[in-house]
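Visitor: For reference, the chains in residue letters:
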Amino acid sequence: MENPFAQEPKATSAWLWQVFTGVGLVILLGLHFIANHFIAKGGLRNFADVVAYLRNPIILVLELMFLVFVTTHALLGVRAILLDLGFSERTENRLSRVLGGVGVLTVSYGLWLTWVIIH
Amino acid sequence: MATLNYPKIRRAGRWIDVRRRKLGMWAYALNRITGIGLVVYLYLHLGVLSLLARGQSSWDSFVSLARSPYYLALDVLLLAGILIHGLNGLRVALTGFGIGVSAQKALFGILMLVAAVALVAAALKIFGG
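Protein chains in written order, with my numbering: chain H, 1 to 119; chain F, 1 to 129.
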């Protein structure tokens, strides 16, 4: 008899990274949500508060870790769904490189935006 | 020339059709659907944050808009996706490492109950101010 749970991913290195970033996100996203949407008055910080918040070095490190973890987790998830299409190994490698590039661009954009905000 | 391979697409999309499937397949599909939604949200969120680079007036105008009930309802929807994906994802991780495999259906039920309770509490907080 088919066991639907058996269709869940096997332990490849990409899957292990997804688990690692996923567990990290539970903590980082929890902190991000509490700090930005539950403690902040009215659920969102105004411009001056965002600048002051990001100028705190501990917060800055946590928010940048959050950016890297969420981007990695998201793009590994997209990769897993796309790989279900059953591409050739060459196309899979190409897809992984493209998604890696998207990840680098996403994190670079986040770093640039953070730099602009705190300066 | 690249052509669309319809049998492959049908096979790849099989997970989304949960009709007459067991709970495990629902859990699997739910994780992927919420995951896709959260990826879309991530890039929308990064786009919205670009308003911060345009200065105080752009961001503060957005903040006023984001405090409207329609935006708050979208926040509740976002939280639902995060809670479902996060808690269901923890179950997937645990079972992937061979932990709680025999109890995973019960675990899924309990975690979705936790998600529902947390969502109601968060929605009350969001709309209550």
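Because the hints were derived from the structure by calculation, they are not lab data. These numbers come from a predicted model, not from an experiment. Certain hints may be false.
Claimed, not checked - As a list, the in silico DMTMM-like pairs of lysine to aspartate or glutamate whose alpha-carbon atoms are at most 25 Å apart: (1) Lys105/F <-> Asp60/F; (2) Lys41/H <-> Asp17/F; (3) Lys22/F <-> Asp49/H; (4) Lys125/F <-> Asp84/H; (5) Lys125/F <-> Asp17/F; (6) Lys41/H <-> Glu63/H; (7) Lys41/H <-> Asp75/F; (8) Lys22/F <-> Asp75/F; (9) Lys125/F <-> Glu63/H.
Claimed, not checked - So the derived label-pair ranges between C-beta atoms look like this: (10) Lys22/F <-> Phe33/H: 27 to 35 Å; (11) Leu82/H <-> Ala116/F: 39 to 47 Å; (12) Gly128/F <-> Val102/H: 20 to 28 Å; (13) Tyr109/H <-> Ala116/F: 28 to 36 Å; (14) Trp115/H <-> Ile110/F: 21 to 29 Å; (15) Val117/F <-> Leu95/H: 14 to 22 Å; (16) Ile58/H <-> Ala106/F: 48 to 56 Å; (17) Ala40/H <-> Leu77/F: 18 to 26 Å.
Idealized CB from N, CA, C, for every residue including glycine.
Visitor: Hints first: check each against the structure and report whether it holds.
Guide: Hints, one by one, checked against the model:
Under the criterion of a C-alpha separation no larger than 25 Å, the hint pairing Lys105/F with Asp60/F is inconsistent with the structure, at around 46 Å. Distance restraint check for Lys41/H and Asp17/F: the Cα-Cα separation of roughly 42 Å exceeds the 25 Å cut-off, and the hinted pair is therefore not satisfied. Distance check on the hinted pair: Lys22/F and Asp49/H sit about 48 Å apart at the alpha-carbon level, beyond 25 Å; violated. With a C-alpha separation of about 40 Å, the suggested pairing of Lys125/F with Asp84/H is violated against the 25 Å cut-off.
Proximity of Lys125/F to Asp17/F is assessed by CA-CA distance (about 35 Å); at most 25 Å being required, the pair is judged violated. Distance restraint check for Lys41/H and Glu63/H: the Cα-Cα separation of roughly 19 Å lies within the 25 Å cut-off, and the hinted pair is therefore satisfied. Between Lys41/H and Asp75/F the alpha-carbon distance is near 16 Å, which keeps this suggested pair within the 25 Å criterion. A hinted pair counts as satisfied when its Cα atoms are at most 25 Å apart, and Lys22/F with Asp75/F does not qualify at roughly 30 Å.
With a C-alpha separation of about 23 Å, the suggested pair Lys125/F and Glu63/H falls inside the 25 Å cut-off, and the hint holds. Between Lys22/F and Phe33/H, the C-beta spacing of about 33 Å keeps the proposed range 27 to 35 Å intact. Distance hint check: the CB atoms of Leu82/H and Ala116/F are about 31 Å apart, inconsistent with the given range 39 to 47 Å. Taking the beta carbon of each, Gly128/F and Val102/H are about 39 Å apart, not inside 20 to 28 Å as hinted.
For the pair Tyr109/H and Ala116/F, the supplied restraint of 28 to 36 Å holds, since their beta-carbon distance comes to about 35 Å. With their beta carbons about 43 Å apart, Trp115/H and Ile110/F fall outside the hinted range of 21 to 29 Å. A hinted range of 14 to 22 Å for the beta carbons of Val117/F and Leu95/H is inconsistent with their spacing of about 39 Å. In this structure the supplied range 48 to 56 Å is violated for Ile58/H paired with Ala106/F, their Cβ-Cβ distance being about 39 Å.
Between Ala40/H and Leu77/F the C-beta distance comes to about 20 Å, which sits within the given range of 18 to 26 Å.
Comparing the model with each earlier hint shows violations of hints 1, 2, 3, 4, 5, 8, 11, 12, 14, 15, 16; every other hint is respected.
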